[in-house]
Amino acid sequence: MLLSKINGTIMKTFKIIFGLLLILGFSGCMNNDFLERYPLGNPTAETVFKSYDNFKTYAWGLYETFPALSYGETNTDNISYNSTRGSGETDWIRGIVVPPSNTTNTPWAQYSFIRRVNLMLDHIESSEMSETEREHWRSVGYFFRSYRYMTLLSAYGGVPWVDHVLADDETDIIYGARESRDVIANHILEDLQYAEQHINQNGDGANTINRVVVQTLLSRFCLFEGTWRKYHALQEADKFLRECKRASEEVLKVYPNIHSNYDDLFNSLSLNGIPGIILYKAYSNEAGVVHATSIGGTTAQSFYNVTRDMVDSYLCSDGKPRWNSPMYLGDKDIYNEFSNRDHRLWLHVTPPYVVDRSESTTAWDNKWKFTDNPKDRSFIDSINMIVPAERQKTLPFRQGYDGGILGENPHFDFYLNGQPWYKSAFGYNNWKYFNTYLSMGSQRNEETDMPIFRVEEVMLNYAEAMVELGEFTQATADMTINKIRSRTNVSPMVVSQINESFDPKRDLGNSSYSGDYAVSPLLWEVRRERRIELFAENFRFDDLRRWKKCQYAMKKKLGQYVRKSDFPEGTAVTIDGGAEEGYLEFHPSPDKLWPEYYYLYPIPLNQMVLNPNIKQNPGWE
Amino acid sequence: MKKISTGRNVISFLNINSFRKMKLILLLISFCFFQLYAVSTYAQNTKISLELSGVKLSEAIKTIEEKTPFVFFYNNSDIDMNRQVSLNAKDASIKEALNQLLSSNNYRIENYKIVLLADKPQQEGKITGKVLDETGLPIIGANVIDKKTNSGTITDLDGKFTIDAPQNAVLTVSFIGYISQEIHLKGQKELTVTLKEDSQLIDEVVVVGFGTQKKVNLTGAVASVNLSETLGDRPIANVTAALQGTTPGLQIGSETGTPGDAMSYNIRGTTSINGGTPLVLVNNVPMDINMIDPQEIESVSILKDAASAAIYGARAAFGVILITTKQGKKDSAPKFNYNNNISFSKALELPQKASPLESVLAYKEMGWPNDTYVDGKNITQWEGYIRDYMSDPGKYPKGYIFDEKGNLFLMKERNMFDDMTDNFGFMQNHSMSVSGGSEKTVYRIGVGYTGEDGILITDKDSYDRLNLSTFMGVDVNSWLTTQLDLKYGNSKQNKVEAGGRNTVWVAAMNLPSYQNNEDYEQDGITYAPESPATYIRYGEPRKIKQNDLRVLGRVILTPLKGLRITGEYTYNRTSSQNKFYKNKYQYIGLNFTGVLNSTENSSYAVTSKYTDYNAVNLFANYDMTFGKHDISLMGGYNQESSHTESQYSYRTDVVVGSLPSLSLSTGTPITSDAFEEFAIRGLFYRVNYSYAGKYLFEANGRYDGTSRFPKNSRFGFFPSFSAGWRVSEESFMQGMNSYLSNLKLRASWGSIGNQVILKSDNTPDNYPYIPDMNVYLSSWLVDGQKITTLGAPAMVSSSFGWEKVYTLDFGFDLDLFDNKLNTTFDWYRRDTKGMLAPGMELPGVVGASAAKQNAADLKTYGWELKINWRDQIGQVGYRAGFNLYDSQSEITKYDNEAGLIGSNIYRKGMKLGEIWGYVTDRFYTEDDFNTDGTLKPGIPMFKGAGKVYPGDILYKNFDEDTEYIFQGENTVYNPGDQRIIGNNTPRYQYGITAGVTYKGFDLSIFLRGVGKRDYWRTDQMAWPTGGWGSLFKETLDFWTPENTDAYFPRVYSQDQTNTSFNRKVQTKYLANAAYLKIQNITLSYTLPKSFCQRIYMDNIRVFVSGENLHTWDHLPEGLESDMLSKGAWEYPFMKKYSLGINVTF
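Same order as they appear, the protein sequences are chains A and B.
When the first sequence is numbered by the working numbering, its final residue is 621 and no position is left out of the sequence of numbers.
When the second sequence is numbered by the working numbering, its final residue is 1145 and no position is left out of the sequence of numbers.
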C-alpha cells in the first residue's frame, strides 16, 4: 500500500519533469523510424488477403482439418478394444465418462478452427478479387466452417454461433448462451447450399473442394440431421432427408460408378483417378507426410478386435444373412465361417491359414512353406486371387518389414505360441488398412492415400434417406447397394424378397429402452450394407447415435468359436459362460444400460465457469 | 567384451594435434614479446645523445624522460627545478649524462627510476631493510619512501632495500594489497618490515553501470564477484558455471551435463510470468557470455535491485550482470600468463536398472495374464532360464536362447550405460595472455582454448572453443584516449541426438537390463544391436558451430578536470551453423526381430544464422568536491539495434554419406528463412551525492524506447533512488572502532521497464503487437508436395506497453574485527505491475487465447545474506564464506475471477510454483471391498475409475461428495478433493566456501545446495513400468497381495485407466528436491618466489581440483534435482578431476 503510494507520487513528479523535457523537443527525434521495426518474414492479415492466389495459399491450411483414418469405432458393436482382461471397454461403454475439465481434445476446441476460417471470410470484402472469385472463397470458407459446426452439432446439439473473428469486446457473443440446434443446423444447411451454388464447379484443381465435394457433405450432413431429428423426436426431419436425397442424386450423376476393387480404396499408393473417390488425403514418405494405420491396430498392448456381431452381419454369397442362408457352413470352424461370404469379410478380418515355419530358426524368421493340408492354404490362395499380388494384401501375414511370418491365423493373445505380435483376443483381427507396400521398416512410414469422401458413402446415404422417405425401390437399390455388391461376391439385393423373415436376428426393439423402435426389414438391410461397407471408417458411433441405437454397443462382445481342448493343457481360455467350448470372451458384459443423456457429449467444465450462460447438457450436470 | 574405440582415439589425436599447433603459435607470440622485454631490460645500458644549452632543469628532465625509458622522482621543495642547465652528451651512458646535468651527483638510479636527492643533503645515512609479507616471503617492488623528502626506493627481488635518510626520518612502506606502514626511525640502520595484507579492501572499486564506484559508497544492491577466486583452478568451460553459487540471489542452473550446453541464470526469482533472463553485458553491450574465455574477465558485478540496474532501463528488469574484461596496465613490463587445466570426467551417478531376475520376478508379481509377458514369453519359463544361467553361465555362452518353438529368452545382465560411455571424458583448457603498457599505451592479447570430449563413446559429444582477444589503448594527448577491443570466439559443439526408433537417452533408460547389446549375425552378415551405443557409434551428431566477432571502439575525452566523456561503438556479429545429417544405417531389432533401418530416408538439414548487433553509448561523468560535499553526475545516451537472418534447408536422400551436402541429395529440397529485428534507444542519468562520506544518495533514471511496442506506448521513464548511511563513520560510533570496521545501512527504491515478452519457444517476441501469420508447409499434399500456407494470427491488443518492475530494497553492510568479518544483508520486495498476460481466459468460442494486456501483477519478496570471514593464525591463513538466499513470488492481480487451476493459469493470491494434487491416504485393502468386488459404503473411488482393486491408491476425501474423489470444478473455489500439496520454487539456496593457506599451499572447498523444494517427477524412474520399458532398483517395491506394505501402488500390466488414477499428482510421491553438492575442492601450491626467479618466472602455481564431486539428495541414484524439469533422464552431470599449472613470467 505504502509502496504503491510512494510509487505513485514519485512517478507523478517525474512524469511532469519528463513531460517538460519531451516538450522541449526530445520526443520527436527519439521516437523516430529507428524504432519502427516490422516483421520481415511473416505477413499480417492486412497484407495477405488480396488476390485469389493469396486466398488459395491460406486455404490449403484449412484442408489440414480433415482427419486421418484410424482404427476407431471402439464405442460401437463393430470393434472390441482389448487391452486389459476383466476391466471393460471404453468409458462410454463402461458408463464412466466424466465431463472434461477443459476443451483440450474435445469437439469444443473446433472453435479455433472456425476462427481460422472466419479470418478468411472476414477479409473477402476488402480483397482485390472479382465477385465470382469472392463467391468461390466464401463457398470454400462455408464448406470448412460447416464441416466443423457439424462436429459441434453432433457432439453438443446447439452451440454458440460464431461467423466472424471475435474481438475481445464482443461480449454479447463471447458470453452469450448456446443457440438452439435448429439455428445451427439451418446455418449449416444454408451455408452449404450457398457453397453448392457459388463454388467453382471444379474447385482449385484436382482433389480440392468443388461442387461435388460440397454436395457430398450436404448428403452426409442432411442424412445425419434428418435421421437424428426423426429418432430423437425433433421437428423437420423430412426437410433434411429430402435435401439429402437431392444432394446425393447430384453426386451420383457425377460419380455413377465405383472402382472394381474394394481393397484398392484403402491400400493404394495413390487414389488419384480411382473411380468413386471424391476427395482423399494424400500421403508421401518423401514429402514426410505418413501414417501408421497398416499395423497400427495391433500393438503389443492394445488391439482392436472385430466382434462376432460384426462378423455375423456379413451376408453370404447368395445375398442372405448367415442365419438362414443355405450356403452358410457354420461357425464352429473358422474356415467354414469364412467360406461363401461377402469378400469384404476377408478384407476386413484376417482370414484363417496355417503355414509350415519349421525352417525358421527364430520367432522372427521369414522362411515358410505351405503345409500338406490344402485347407491350411485355402484362404492364402483366395486372398491372392481377389487382391492382385501387386496390391500386397497377401497371406501369410507378415509384419510390415521383411520378415516376421505369422505361422498361423487366428493367433490368440492367450496362446501366443512364441509369436508375440499380431495377437488377437477374438480371433478376428481388423486388417482393412493392412498392406505390405514397400519395406516400411520400423518407422511405420506408411504412405497409402486415404479416402475422405467416396461415392459409396453417398450411395448409402441416398439409400437410407430413400428408405426413411418411403421412396426406396428396386431402382434405388440398383443404383446404390447393388453397385457396391458388384465387387463383393454377394448377390444383388432384390427388394421384393426383403420381408419380415429375411433376417431372423433383425432388431425388433428393446423394451429396456423406453420408446425404442423396431427396425423395418428394408431399413435393417440398408443399415447392414452401410455398416459393412463403411466399416472402420469411423461412421458407426455417429450412426448409432443418430439412430438412437447405442444399445447395440452394450451387447456382450464375443469372438471366434473355440474349444479348450484345441489348446495345450493349462492355457487360460475365456469362453462365454465359462463353457468348455463356445465363443471367446474378453470383457465381461457391461451391466449397464446406455444412458439416454449419453447421446450428447458433456460440455467442458471450464466453459461453464468462464461463461455462466453456457448450460451443461442435461444429465451431465 | 570388445570395445570399438577407434573413433575416440582418432579424435584425441586430433585434439592433441590442434593443441600442439596452438602451443606453437603461443610460443611464437611469446617469443616476439620476449624480444621486446629484452630490449627494455637492457635499456639501462642504452647510450644517450642529447644537446641542451641553457634550459631549465625541469625541461631537461622532461626531454630525457621522453627519449629514454627513465622516469625521474624528486621533491620540488628540495630541488630548484628552474635552474639553468646545459648538456652535451654523445653516446653517453645515462650516468654520464646525469653527472653533467646535476653537479652535485645527488641522484640514484633504481631500475628505470631516477631519484633526485635534495640539493643540500642533511645528515643522513644508509638504511637497509627487508620487506616481508605475513608468511615471511619477501615482497618485491614495495615502495619505501622518506615521508619528508618524498625520495624513496623500491625493494629488490629479495625484498631488500637501501635508502639514504636522516636518522629520525619517517619511512612509509607500501605495496598494493597491503596495509601501508609508517616507521619512525630512531637511529636504526637495519629494518625488517612486515606488511599486513589489506583484508579490508575498503577502497575496493566496483563496476556499476557506465562507471565505477567505491564499494563503501554503494547504496544499491550490487554484488561483485572476485572471479579469479571463484573461477580459481576449476575445470569449467564458461563463466556461467564459475558464477554458480557465488552470489546470493543469483541462481544458475543446467538440466543436463551435455558439454557446451548453455546454463540458465536468474536473479532474485521470477520477475515476470512472461519469463526473461538477466541482461548480461560485456563492456556495456550484451554478449553471449559462453563465447568468452573466463580467463579474459577482470570483474563481474551483479546489479540486483532496480536502483542499480535502472540505468540499463528497458532490458534490466531481470537484473544485470556486468562483465568487464581485462586490459593492460600502464607503465608495466609485459606480463605473460599461461594457464592450463587438464581434466578427466565421469558420470556423477547413473540410474540403476533392475537385474534380469529382478525384472522377471517383478513381471510375475504384476500378474500378467496367462503368465505371458507383453512379447509373448512365458514368464515362469523365462525365470527358469535366468536362474539356470545364473548358476552356470557357461551353459549359455550368448546369454540368450531360442527354445524349440523359436521363443527368445534373454538372460544375461547387460549394462547399456557402460556400453555407451568411455572410461572417462576429457577436457582441457589453455589460456595465454600477455599484457603491459607504456606511459601512454596499454595492451593485452589473450588466446584461450577449451576442448571437451564428454563421457560418451566417440567424440560425438564434444565442445571446442577458441578465443582470441586484443585490447589496445592509447593516450593520444592529455585529454584524449582511444581504445580498441577486439574479441573473437569460435566454438564447435557436437551433440548426440537421434537414435533409431528412440533417442539415445530414451533407449538407454528404457531398455531393460536383459536386452541384448552385442552384435548379431543374420544371413552371414553381422549387425549391431539396437542399443544406445549403436545409435552413438553409427549415428551422426548434430554439429553446431558458432562464431562471435566483436569490435569495440572507445573514445574518452577529459576536457576538464573531473569531466570524462566516453563514446563507444560496438559491432558484434554472431553467426552459427547447425547441421544435422540423419544417416541411414542398419541394426538388428530388439529381440532379433529383423534388420531395421535407423531411418527410411537419410536427410540433411542445415540452419545458418547470423546476427548483426550495433550499439552506441555516449556518456559523460563529472565528479566534483567542495568542502565535505562530493557530487558525481553521469548522463548518457544509448541505442542498440539487432538484425538477424536465418536460413533453413533440408533435403532427404543424401547420396554421399561421408560428405553430406544439400547439392548431393536427391530428395525435394525444403527451405525457409526468417528475420528478426529490434531496436532500443534511451537516455539515462545518475546523480551521486555524499556528505562527509557518511550520507550517501543516488538517483538513477532512464527514458527508454523500444521497437517491441506500438509507437504510442513505446517510451517509458524509469527512475530509481537509493541512500546509504555509514553509521560507523559517525562520531558517536568512534568508541566501537576497535571492532566495528564498517556499518552501512542502505535503502533503495526504483522502477524498471520490461520489454521482453517470450514466445512459446523461449525466444523474445520482437513484434508482440503485430499479429503476424505463421508461414509453414501444410501437411495437406498438393501434387505430392507439402504446400506453403499460413496460420491464423493470435489475438493482439494494440494498446499494451511496458511491464513495470518496482523494487524496494533494504540492506546493510557490516564489517567487524578489522574487516575480518564481512556481512551483507538485503531484504527486498519487487512488484511487477502490468505484466502482459492474457486479459482473462476467454470462453472457447473465441477460438484463440485472449490478447495479452498489461493486466497482471506479481509480487516477489526475498532476502539475501552473505558472510565472509578471513583471518590468519601464524602462517596459516583461513577463510570461510556462506551465502543464503530465498525468494517467493505471488500473483497479486490476474483476470481469473473463476479461480481456474491449471498449468499456465494464474490467479490472484497464487504462489508461483504451487503444486495442486491429492492427498494420499493409503492403499485400498481387501477389507474395503464387498465380496462382489464393489467398495463398501463410505470408501470413495476416483470418479471415472470404474472399478478399483486392493493395492490401488485411496485418496483423502475433502469435499461433500464422499462417494468419489474428483477435481470438482478445478477452480480454487471448488477444487474437489485437490489441495496445494507443495511448491517447486527452490527455497533457501546456499553456497559455502572455505579455504586454508599455508606457505604456498591453498586448499579450497565449495559447496552449494537448495534447502527446500518439492517436485512432481515425470522421469522414467518415477513409477514402476508395466509393459515395455525398464524397471529400476528403486521401482521394484510395488504392491502385490504378498507385499501390501510396498512403496508403489499395484502395477497393472496393461490397464491404463487405473494406472492413471493411481498416478495422479499426490502427496506420497511428491519428491523432495533439496540437495547439497560438493561443487569443488582444489588444492594448489604456489612455488616459492626465490625458486621462480631462479628460472626467470614471476609466479608458478600448480593445482589439482575436483569438480562436482558428490551430491546428497533424496532422489534415486542417477537422478539429480536440477535434471527434474527435463522430465526424462538425459546426459548425466559429470564429476571431473583436473590438474594444471598457472605460470606468469
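Hints listed in this document are in silico derivations from the structure and should not be mistaken for laboratory results.
Where hints are given, some of them may not hold.
Derived lysine-lysine pairs resembling DSSO-like cross-links, with alpha carbons at most 30 Å apart [stated by the list, open to error]:
1. B:943 x A:592
2. B:786 x A:56
3. A:548 x B:943
4. B:1064 x A:615
5. B:405 x A:555
6. B:405 x A:367
7. A:556 x B:405
8. B:67 x B:405
9. A:369 x B:405
10. B:711 x A:555
11. A:556 x B:936
12. B:786 x A:615
13. B:67 x A:375
14. B:694 x A:615
15. A:50 x B:711
16. A:367 x B:1064
Okay, the hints, checked on the actual structure:
no. : hint           : verdict
1   : B:943 x A:592  : holds (17 Å)
2   : B:786 x A:56   : holds (14 Å)
3   : A:548 x B:943  : holds (27 Å)
4   : B:1064 x A:615 : holds (29 Å)
5   : B:405 x A:555  : violated (38 Å)
6   : B:405 x A:367  : holds (14 Å)
7   : A:556 x B:405  : violated (35 Å)
8   : B:67 x B:405   : violated (99 Å)
9   : A:369 x B:405  : holds (17 Å)
10  : B:711 x A:555  : violated (67 Å)
11  : A:556 x B:936  : holds (27 Å)
12  : B:786 x A:615  : violated (42 Å)
13  : B:67 x A:375   : violated (114 Å)
14  : B:694 x A:615  : violated (69 Å)
15  : A:50 x B:711   : holds (26 Å)
16  : A:367 x B:1064 : violated (47 Å)
Comparing the model with each numbered hint stated earlier shows that hints 5, 7, 8, 10, 12, 13, 14 and 16 do not hold.
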